[in-house]
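Student: Model the placement of chain B on the given structure of chain A, informed by the hints.
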Amino acid sequence: MGQIGFYINQSICQGCKACSVACKDKNNTEVGINFRRVYTKEEGSFMHQPNGGIVHNVKSYYFSIACNHCEQPACLLSCPTGAITKSDENGVVTIDQEICAGAQLCIKACPYGGPQYNKETFKSNKCNFCMDLQEKGEDPVCVATCPLGAIEFGSIEKLRKKYGDIRQIKGMPSPTITKPNIVITPHRDAKLV
Amino acid sequence: MTKDSHMKNLLANKMQRRTFLKWSGAIGVPVIAGGVGTKLLIDKQKEEKVASASEWDNVVSTCSINNCGGRCVVKAYVKDGVVIRVETDTQESGDPSIPPLRACVRGRNYRNVLYHPDRLKYPMKRVGKRGDGKFERISWEEAVETIASEVKRIGDKYGPESRYDNYASGQSWGLHGGSTAVRKLLSITGGFLNFRNDYSSGAGNVATPYTYGTNNSGSSFDSLLHSKYIILWGQNPSEMIFSTPYREYLMQAKRNGAKIIVIDPRYTDTAITYADEWIPILPTTDNAMMDAMGYIIITEKLHDQAFLDKYCIGFDGSHMPKGVVKEESLKSYLLGEQDGVAKTPEWAEKICGVPAEKIREIARNYATIKPAALIQGWAAQRQAYGEQFMRGGAQLACLTGNVGKLGGWAAGTGYWSRSNIVYPISYENPVKASIPCFLWTKAVEQGTEMTAADGLQGTDKLSTNIKLIFNMAGNMLINQHADINKTKQLLEDERKVEFIVVSDLFMTPSAKYADILLPGTTFFERYDIGVPWCFGDYVIFGDKTIDPLFECRNEYDVFAEIADKLGVKEQFTEGRTILDLVKESVERTRKELDPTFPTYEEFREKGVHHFKFDEPLVGFKAQIDDLENNPFETPSGKIELFSKTLWDMNQHEEIPAIAKYISSWEGPEDPLIEKFPLQLISWHYKRRCHSTYDNMPWLEEAAKQEMWLNPKDAEKRGIKDGDRVQVFNERGSLYIDVKVTPRITPGVAGIPQGAWYTPDEAGIDQRGSVNVLTSQRPTPLAKSNPQLTNLVEVKKA
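These protein sequences, in sequence, are chains A and B. Its first residue numbered 1242, the first sequence is counted upward by one per residue in this note's numbering. Its first residue numbered 735, the second sequence is counted upward by one per residue in this note's numbering.
Derived by calculation from the structure, the hints in this document are not laboratory data. The model shown is predicted, which means the values in this text are computed figures rather than measured ones. Among these hints, one or two may not hold up.
Now the in silico label distances, taken between C-beta atoms and shown as ranges [said to hold, decoys possible]:
(1) B:K1340 to A:E1379: 47 to 57 Å
(2) A:L1433 to B:G991: 23 to 33 Å
(3) A:P1291 to B:G991: 32 to 42 Å
(4) A:E1379 to B:E1449: 46 to 56 Å
With a straight-line cut-off of 25 Å between C-alpha atoms, the simulated BS3-like cross-links for lysine-lysine are [said to hold, decoys possible]:
(5) B:K1355 to B:K1317
(6) B:K1092 to A:K1377
(7) B:K1092 to B:K1446
(8) B:K813 to A:K1377
Cβ coordinates follow ideal geometry from the N, Cα and C atoms, glycine included.
Extracted from the complex, chain A is given alone in its bound form (with noise of 0.2 Å):
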């Protein structure tokens, strides 16, 4: 299949955060750990013109993102232990956690907030593509999820070819980082300009 990767149509994302906590249903993942999350962004003001109405240039937007495995995964390139990988056959990128001893360098490494921490386990965890679920035939939780069939995934190649090449929006960094498997339809408000 080639490198996959994930496709978001941020252009119809709700916020609703759907995505996040199904993430959480099948990954166990307790409050503040989260293999997927929704980014907010919110900015604009107002002014009252002279007889009372109210103009404004308010812009919002949510973002979903989990993990890009990306092309130079940042993280994999931190981690003192070698326990993440990324797979030849798929380009998933997994941390092992038998290996995993905790230092966190790929929190820091990782643009994306992609891999999270556990205080408990004293290990980082991440999106690990539900390959577990992939191989019984079932989609990834988080596409399974979307109500709005917003979250795709596939051979980022074909997604790419479907969906077109933007990989950044408003707020994100260069995805020169890391080069990311991802594809986004920006929503209206932000698009890079």
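Tutor: Frame of chain A, contents of chain B only:
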């Protein structure tokens, strides 16, 4: 920021760039007790090495029945009798006749609801002062015996009108449940005081029929695929699940090129997802904008005169009911012919805060881009004069002739339904007396003094106040009813309500006021069929996933035992178990309503049944196509923009015959605003269904309980994002953290409704339970809840 730089910002229309990690994110610190709960569950699973969510024995398709408008497919993955994770509908999007019925964020947390360590586990009786929350474990035998004897004692002493089943919605839209069981039992044993209406669309439910003769003014949501212009007025389907597939249809409508406007005091998630434009507006002033839109439509001759002439009463002087002067017409009102106030956009701008030019633009678009759908949410009718909002929207739909047309929308309450099944539990209450549900506290205090003016129906006078309350899977006893402090005092006096029974999953604020507290079941632990409010062409099978945990029991079974004690078990159950009820519903639906409905086995296997239709349902199409043979259900047979019935009530200031802007108490024009300068509204939060799930840590993490405040208002008070503040008015006071955000209109504060009332020793709520600040003053016509009409002040805690 200076005025100039504000202007620059507006002109440049730019967003500041910040780094990714500075965004406000999903990671938050939960502030509620109960966080330990999930932890225990998860720890347990870790120990048992169940952790692998990818190994399961079987998948059970079931359905939750709480009081959202949607119903979704919940697939429980079960291993060794334990639900290890939940999934949802796998239906792909694309075919409008079988939309995906995927669970929202609330549904993804259901495993934690089921296994929460705070579940009520056995029946209890109160041992302390009522409301203190002190209970003692008792046997089921004792619980059943106590309830049976109190039902009889109070009924014998005060008469059946003393017995009341309070409005409750934690279990709704299934075949059975606590309230159904209570009502059947009370009906068999003499009866109970009825209530009418609801807390959701109470003003609209009474007002809309004065215009259209019915509340069924909606069209199926697939009709929106034909709309070219959609106004969502105070409606937020992204957060408040009005209907599970609605969002799918809105998305398709947008893809089809519909322009979508959201009018709301908040820049809602709906606005983020769907809106081409957000129009901020001050709460309680919607009708001022509606009036001005009407003014523009009429003065610019954009109205549909032929439609108004043929179908409507009261548009102009030549279409007035007999005995009413022509100056009372809608047109005359809008032009200001009688009161000297033309309802111009400039007039409205001063009141509602929407710029006159913007009102003109929206009025013109709505009148000329056809077909157009003006869809009203219900928030803006939970206002002091909420009746006007609902009739006002309908008025605009009629002015533009958008009624009865595919892609148009008649506005008003907006019910529609095509998912009909048989409900096998029936009963007839021998008591005919009924009160508006919002006035139950009045019926406790002064029931015998209530009259028709209070909305008492079915009798001239009640023989007793309410003495016995059943509160089954509901939080209206304390938390969700207006003015918590007032209600508390009332319930604490045991001479007033003598006996209170509560059934619930958790120790909610209402449960604390029980005399007998029963542990109920989740949907995983019983059979049922889930039906959407009315907005969806489907029903979902609720399969029993596991046996009830602890000593929890289904209310139907409990009340069968109570019926047995009272010697009426056979009449109560008619020999049926819960599973029998489900099977009977399916069989009778096939026989009596729809031969194509699946068999019980087929339905259970598929989990969901979609009713199929050739075309969208269009509200009032029959009337518009052929008025003569299909008159409206109004006294005149036409749409009554002017209602002679309302006119004859002779309370023209507060109950006008045409929809009008009425300056609201605790609105922006109330002098009280000097003392309490912020208008406080609440909304249905994405992480709760009303007050259900407030105690769920994952959901608190996903969407924290916090108050929205505009940066302008925050700055004035020295409040920064994340600060803890006190919010207060003359009715009460609460503490809450603040989210300072431009997503709310200046002058308005917003608290998500449904947080559990958590008083400190001084009685001040610590959780942000909005109803310590709301009023019990009912709306004039419907006697409904005005819970979004509040003036408050905020200060740093």
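Student: The structure should be examined with respect to each hint, and the outcome stated for every one.
Tutor: So, going through the hints one by one against the coordinates:
no. : hint                           : result
1   : B:K1340 to A:E1379: 47 to 57 Å : violated, 19 Å
2   : A:L1433 to B:G991: 23 to 33 Å  : holds, 25 Å
3   : A:P1291 to B:G991: 32 to 42 Å  : holds, 36 Å
4   : A:E1379 to B:E1449: 46 to 56 Å : holds, 50 Å
5   : B:K1355 to B:K1317             : violated, 35 Å
6   : B:K1092 to A:K1377             : violated, 55 Å
7   : B:K1092 to B:K1446             : holds, 22 Å
8   : B:K813 to A:K1377              : holds, 16 Å
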